[in-house]
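Trainee: Please build the complete structure, drawing on both the sequences and the hints.
Protein chains in written order, with the numbering used here: chain D, 74 to 283; chain U, 176 to 507.
Read the hints as simulated data drawn from the structure, not as lab findings. Even for Gly, the Cβ is constructed at its ideal location relative to N, Cα and C. A couple of the hints might just be wrong.
[Claimed, not checked] Taking lysine-lysine and the PhoX-like style, the derived pairs with C-alpha atoms no more than 20 Å apart in a straight line are:
id: 1; chain 1: U; residue 1: 464; chain 2: U; residue 2: 216
id: 2; chain 1: U; residue 1: 251; chain 2: U; residue 2: 241
id: 3; chain 1: D; residue 1: 258; chain 2: U; residue 2: 481
id: 4; chain 1: D; residue 1: 252; chain 2: U; residue 2: 481
id: 5; chain 1: U; residue 1: 251; chain 2: U; residue 2: 188
id: 6; chain 1: U; residue 1: 251; chain 2: D; residue 2: 99
[What the hints assert, rightly or not] Between beta-carbon pairs, the in silico distance windows are:
id: 7; chain 1: U; residue 1: 390; chain 2: D; residue 2: 235; range: 38 to 46 Å
id: 8; chain 1: D; residue 1: 145; chain 2: U; residue 2: 493; range: 28 to 36 Å
id: 9; chain 1: D; residue 1: 218; chain 2: U; residue 2: 185; range: 54 to 62 Å
id: 10; chain 1: D; residue 1: 98; chain 2: U; residue 2: 241; range: 32 to 40 Å
id: 11; chain 1: D; residue 1: 122; chain 2: U; residue 2: 259; range: 40 to 48 Å
The chain contents come next:
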Amino acid sequence: MIAHAIFFYTFSIIAVVSAIMVTASKNTVHSVFFLILDFISISCLFIMIGAEFLGMIMLIVYVGAVAVLFLFVVMMLNVAQQKNQWFAGQATSKHIPVGLIISTLIFFEIIIVIGGWKYKPEIFDLNNSLANTSVSNTHSLGQILYTDYIHVFQISGMILLVAMIGAIVLTFRQRSGVKRQSYIKQISRERAEGVEVLEVQSNKGVKIDD
Amino acid sequence: MEYLNIVFQEVYKILFLLVPVLVSVAMIVWLDRRVWAFVQKRQGPNVVGPFGLLQSLADALKYIFKEIIIPSSSNKVIFILAPIVTMTLALIAWAVIPFSATQVLADINVGILYLFAVSSLGVYGIIMGGWASNSKYPFLGAIRSAAQMVSYEVSIGVIIINVLLCVGSLNLNDIVIAQQNMWFVIPLFPMFVIFFISALAETNRPPFDLPEAEAELVAGYQTEYSGMMYAMFWLGEYANILLMCAMGAILFLGGWMSPIDVYPFTLVPGAIWLILKILLLFILFALVKAIVPRYRYDQLMRLGWKVFLPLSLIWVVLTASYLFYFNLLPVN
Numbered sequence: 074m075i076a077h078a079i080f081f082y083t084f085s086i087i088a089v090v091s092a093i094m095v096t097a098s099k100n101t102v103h104s105v106f107f108l109i110l111d112f113i114s115i116s117c118l119f120i121m122i123g124a125e126f127l128g129m130i131m132l133i134v135y136v137g138a139v140a141v142l143f144l145f146v147v148m149m150l151n152v153a154q155q156k157n158q159w160f161a162g163q164a165t166s167k168h169i170p171v172g173l174i175i176s177t178l179i180f181f182e183i184i185i186v187i188g189g190w191k192y193k194p195e196i197f198d199l200n201n202s203l204a205n206t207s208v209s210n211t212h213s214l215g216q217i218l219y220t221d222y223i224h225v226f227q228i229s230g231m232i233l234l235v236a237m238i239g240a241i242v243l244t245f246r247q248r249s250g251v252k253r254q255s256y257i258k259q260i261s262r263e264r265a266e267g268v269e270v271l272e273v274q275s276n277k278g279v280k281i282d283d
Numbered sequence: 176m177e178y179l180n181i182v183f184q185e186v187y188k189i190l191f192l193l194v195p196v197l198v199s200v201a202m203i204v205w206l207d208r209r210v211w212a213f214v215q216k217r218q219g220p221n222v223v224g225p226f227g228l229l230q231s232l233a234d235a236l237k238y239i240f241k242e243i244i245i246p247s248s249s250n251k252v253i254f255i256l257a258p259i260v261t262m263t264l265a266l267i268a269w270a271v272i273p274f275s276a277t278q279v280l281a282d283i284n285v286g287i288l289y290l291f292a293v294s295s296l297g298v299y300g301i302i303m304g305g306w307a308s309n310s311k312y313p314f315l316g317a318i319r320s321a322a323q324m325v326s327y328e329v330s331i332g333v334i335i336i337n338v339l340l341c342v343g344s345l346n347l348n349d350i351v352i353a354q355q356n357m358w359f360v361i362p363l364f365p366m367f368v369i370f371f372i373s374a375l376a377e378t379n380r381p382p383f384d385l386p387e388a389e390a391e392l393v394a395g396y397q398t399e400y401s402g403m404m405y406a407m408f409w410l411g412e413y414a415n416i417l418l419m420c421a422m423g424a425i426l427f428l429g430g431w432m433s434p435i436d437v438y439p440f441t442l443v444p445g446a447i448w449l450i451l452k453i454l455l456l457f458i459l460f461a462l463v464k465a466i467v468p469r470y471r472y473d474q475l476m477r478l479g480w481k482v483f484l485p486l487s488l489i490w491v492v493l494t495a496s497y498l499f500y501f502n503l504l505p506v507n
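Mentor: Structure (structure tokens):
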């Protein structure tokens, strides 16, 4: 039990401190690294309470994919403006009221959600009974997701798909003057189509059309 | 005192796993260079020790005594952390690899997810090294590798789903035992080929070694590294390659199981079979390095997203519907 407590407090302290450092650190790349540390320690906490599947999925999805893309974007920005001028500059201070409005909204949403939170009365019994059975939490998660919550699950997948398509449509632009390669065409070319032998007359030259 | 005993026992177990892994990484570097040389009708390293077996040892000694140079314009903390991260991630993944039904350090329920998670974290060592060097070639290499590793992870994940459909468990030992009658390489052969190629891309091996393409980027993300830090990148990279081979052996080649289930073969301990399978896959890796020229970057991305991802997704649907139709889905 003591070892359990030691690990729990280590991971939770790391999680809280790195979450604070995400917002506090001056360098944006550093804050993404702190975000990654935060994700990792939270997934360790998940594993400690026995939710090993959630912990691993957290590692794979957030740390392995999402945070890499974050880092990707932030590193690109950082090259463009090495001296972090996001908050100091006069021209950019008009972002602050918008950010304030959004963050107050989110704050009140969280308060509403947490204030209205009620546990099912049987949840504590359920917890005890789950601990005794040999069903792994991957199985139980799958059984709940694909039976009781199948519609919610499918709808959330659709929302993600729509968001992805939306992002692609927003950033897509047709470039003109780009030469495209067709692999089948390149491989199936014969010598006869590629090479042409011309009689060149003296002092005339040849016209090559392309 | 009881705690201490447990801790010591675990430490012994970990050392018993890690020391052979590190030694075999050194040997595998030698093997890689030898195979590469033989394909090109050269001798390769053959001077130090019998057949040049001690070449890696000599190299390691050289790296240890070289000076570690930290560029003055680099971000020093992250610059030093990067090779440590690479090395650590390459080594912690070995905790879940089963060498026989009982010989496994951590027999966890979600073993394959753990392996996948750790191999997908491997990109951080490279990105950190490339960014912290604060110079253009490492940075370009890091950007390339981030994009490359993220895209090939997707197809590896989908291939793992294929195998899991046939097994019905995320435990690595269960995956091995499910292949008792038939290795998954036979029914899922196209997936094995795609897994092999994706593993090449995931570990930045040629022909997908664009993050360190010496013709374009000097040495990519490791350009600014020297001495032991460079050697740690190198060790981590080869440990990752071995890990990918082990993953392939467990997912498709029956892990620690003997190829034929008859008397003299079953006497051989499982660890030997697993090592032989890893070696087989590694020699294939080395041959590919010697034979195939480097891909262009847009071709690499096209292969990952437009060929492998749809193919493996279609195969998931095929496998699932086959298993469902013939009522073969593993239910427990």
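Trainee: Give a verdict on every hint.
Mentor: Hints and how they fare:
1. Taking the CA atoms of residue 464 of chain U and residue 216 of chain U, the gap is near 15 Å; set against the 20 Å cutoff, the hint holds.
2. As the CA atoms of residue 251 of chain U and residue 241 of chain U are separated by approximately 19 Å, the hinted pair is consistent with the 20 Å bound.
3. Simply put, residue 258 of chain D and residue 481 of chain U have alpha-carbon atoms about 18 Å apart, close enough for the 20 Å limit, and the pair holds.
4. Proposed proximity of residue 252 of chain D and residue 481 of chain U is supported: the alpha carbons are some 19 Å apart, at most 20 Å.
5. Restraint check: the Cα-Cα separation between residue 251 of chain U and residue 188 of chain U comes to about 34 Å, which exceeds 20 Å; the hinted pair is violated.
6. Distance restraint check for residue 251 of chain U and residue 99 of chain D: the Cα-Cα separation of roughly 16 Å lies within the 20 Å cut-off, and the hinted pair is therefore satisfied.
7. Range check, residue 390 of chain U to residue 235 of chain D: about 42 Å between beta-carbon atoms, so the 38 to 46 Å window is met.
8. Between residue 145 of chain D and residue 493 of chain U, the C-beta spacing of about 33 Å keeps the proposed range 28 to 36 Å intact.
9. Against the hinted window of 54 to 62 Å, the Cβ-Cβ separation of residue 218 of chain D and residue 185 of chain U comes to about 35 Å, which falls outside the hint.
10. Judged by the Cβ atoms, the range 32 to 40 Å given for residue 98 of chain D and residue 241 of chain U holds: they are separated by roughly 33 Å.
11. Look at residue 122 of chain D against residue 259 of chain U: about 29 Å separates their beta carbons, and that is not inside 40 to 48 Å.
Checked against the numbered hints above, the structure violates hints 5, 9, 11; every other hint is satisfied.
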